[in-house]
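Student: Here's the letter readout for the chains.
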Amino acid sequence: MEALKQELKEKIVTTLNLEDIAIEDIADNDPLFGDGLGLDSIDALELIVILDKDYGIKLVDPKEGKSIFQSIETMAAYIEANRTK
Amino acid sequence: MTKKTYINGVGCISTQKTFDTVFLEEAVVNENENVLKIVSPAYKDYIAPAASRRMAKGVKNGIVAAALAVKDAGVENVDAIITGTGLGCIEDSEKFLTAILDNNEEFLTPTSFIQSTHNTVAAQIALTMQCKGYNFTYVNGAVSFESALLDAKMQIEDNEANSILIGGVDENGAYTTALFKLSGRIKQDNQEPYHLLNATTNGAVYGEGASFFVLENEKKETTYAQVLDIEMINTLEVNEVENKIISFLKANNLEISDVDAIVLGFDGNAAFEKYYSELAQNAFAATTQLYYKHLCGEFDTASAFGLWMASKIIKTQDVPEITRVNSVTKPAYNTILLYNQLNGKNHSFTLLSK
Chain A
1029 MEALKQELKE KIVTTLNLED IAIEDIADND PLFGDGLGLD SIDALELIVI LDKDYGIKLV
1089 DPKEGKSIFQ SIETMAAYIE ANRTK
Chain B
7 MTKKTYINGV GCISTQKTFD TVFLEEAVVN ENENVLKIVS PAYKDYIAPA ASRRMAKGVK
67 NGIVAAALAV KDAGVENVDA IITGTGLGCI EDSEKFLTAI LDNNEEFLTP TSFIQSTHNT
127 VAAQIALTMQ CKGYNFTYVN GAVSFESALL DAKMQIEDNE ANSILIGGVD ENGAYTTALF
187 KLSGRIKQDN QEPYHLLNAT TNGAVYGEGA SFFVLENEKK ETTYAQVLDI EMINTLEVNE
247 VENKIISFLK ANNLEISDVD AIVLGFDGNA AFEKYYSELA QNAFAATTQL YYKHLCGEFD
307 TASAFGLWMA SKIIKTQDVP EITRVNSVTK PAYNTILLYN QLNGKNHSFT LLSK
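If you're matching them up, the sequences are chains A and B in order. Take any residue in the first sequence, note its place counting from 1, add 1028, and you have its number in the numbering used here. Take any residue in the second sequence, note its place counting from 1, add 6, and you have its number in the numbering used here.
This is chain A alone, in the form it adopts within the complex (with noise of 0.2 Å):
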């Protein structure tokens, strides 16, 4: 689970282009919308995006996505639950 928490950190990161955050800032309680990272409703399109391409996860209802990604801990819980690569 810390493997998979590090991984999505390294992946948010890179894949949104956050150029200001190194990895060790982000918290695994932090908000990823909102206050915390800031990110906005086109970096919820690159994360539906991440869950389907890399852990085979798709997304049927969007409304899972808000609980989904509150923050890394939420997220990393999902995909372990529900990965099928």
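Simulated from the structure, these hints should not be mistaken for lab results. Here the structure is a predicted model, which means the values were calculated and not measured. Each residue gets a CB set at the ideal place from its N, CA and C atoms; glycine is no exception. Careful, some of the hints might be misleading.
Pair by pair, the computed Cβ-Cβ distance ranges are [claimed, not checked]: (1) B:Leu185 x A:Asp1082: 26 to 32 Å; (2) A:Asp1063 x B:Phe113: 26 to 32 Å; (3) B:Ile106 x A:Glu1035: 23 to 29 Å.
With the Cβ distance kept under 8 Å, some of the chain A side facing chain B (calculated, not the full set) [unchecked claim]: (4) Leu1046; (5) Gly1066; (6) Ile1070; (7) Leu1073; (8) Glu1074.
Derived DSSO-like pairs (lysine-lysine); straight-line CA-CA distance at most 30 Å [unchecked claim]: (9) B:Lys43 x A:Lys1039; (10) A:Lys1039 x B:Lys101; (11) A:Lys1113 x A:Lys1039.
We have chain A; now place chain B onto it with these hints.
Tutor: Chain B alone, transformed into the frame defined by chain A:
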């Protein structure tokens, strides 16, 4: 009454250090590379990190060059923004197309798609400046920038706008550069030094950059030059160029002897050098001859760098030695003609005066 068009502010990001400098005092000719890379400004001084993280190189360079031009002109906003680009944000276009192939047309992310459109630069500048006026991008090969310039000049002369920001932007993309090398458009590797004058090999030394200008309908303290005329012709034979220039000058009540300097687009391509060398050796032998693509490289909107250089010369009356083709000097540089073409196509004549 028809208004006149003045260049009242300039900004340039190029393969030379053309920001935080007076003119070309820090310019260096790099004859060891066949593709020149941008000298980057501190983007963070101009663009918020949250906004810049999705921006392609060309967008960032365009925004900074536009900001420099607007500041130079002392204006807060403009009535319109018009850009020209040959290949647009080619890096992100490549990323997007590569992702389509690599992922078997699945998993396409929005970021590189958003940035891959040609009008992204003009749009992002408008968003940054909160300019809600006319916003247009010309994609016409090597006359993309001249098309933007002509559009702006016509709007100013017809009183449709008082101030217009125009610019030419292009960036290098790794895959496109590799294709250009394969096709011979860029000089082959390992043939350095790459001399642009008296070239003996085909292909050009390529580059990238963004040059922006604030055009206004009144002469101010910041004025660089007046844009007298622009003409674009798709195809010309070498032996037709001189007569076309004579007609172009005549339409502006000028003759070749009235031109103080001619700025030529020598790009090192021996196959098309005659377009310039014939003029240099004959009709304009007694005129100061200047070139610039050894500084900025060849690309579809490289001529915008040429206009930046010519504008600076008219304002400062300083002709940097590094730009000279011949040793002819003039007591003053009040009328400058720019001639550019790319691979024998897209010829343009631009006439500036003090």
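Student: Each hint: holds or not?
Tutor: Now the hints, each set against the structure:
1. Look at Leu185 of chain B against Asp1082 of chain A: about 30 Å separates their beta carbons, and that is inside 26 to 32 Å.
2. Between Asp1063 of chain A and Phe113 of chain B the beta carbon distance is about 29 Å. The supplied range of 26 to 32 Å therefore holds.
3. Checked against the hint of 23 to 29 Å, the pair Ile106 of chain B and Glu1035 of chain A passes, with Cβ atoms roughly 25 Å apart.
4. Restraint check, Leu1046 of chain A versus chain B: the minimum CB separation of about 6 Å is within 8 Å; hint holds.
5. The beta carbon of Gly1066 of chain A comes within 6 Å of a beta carbon in chain B, closer than 8 Å, and the hint placing it at the interface holds.
6. Satisfaction of the interface hint for Ile1070 of chain A is found here, the shortest Cβ-Cβ separation to chain B being roughly 5 Å, below the 8 Å cut-off.
7. For Leu1073 of chain A, the suggested interface contact is upheld, since its CB lies about 5 Å from the closest CB of chain B, less than 8 Å.
8. The interface hint given for Glu1074 of chain A holds, since its Cβ lies 5 Å from the closest Cβ of chain B, which is under the 8 Å cut-off.
9. Restraint check: the Cα-Cα separation between Lys43 of chain B and Lys1039 of chain A comes to about 28 Å, which is no more than 30 Å; the hinted pair holds.
10. Between Lys1039 of chain A and Lys101 of chain B the CA atoms are separated by roughly 17 Å; this keeps the pair inside 30 Å, and the hint holds.
11. Proposed proximity of Lys1113 of chain A and Lys1039 of chain A is supported: the alpha carbons are some 16 Å apart, at most 30 Å.
This entry satisfies every hint, going by the numbered hints stated previously.
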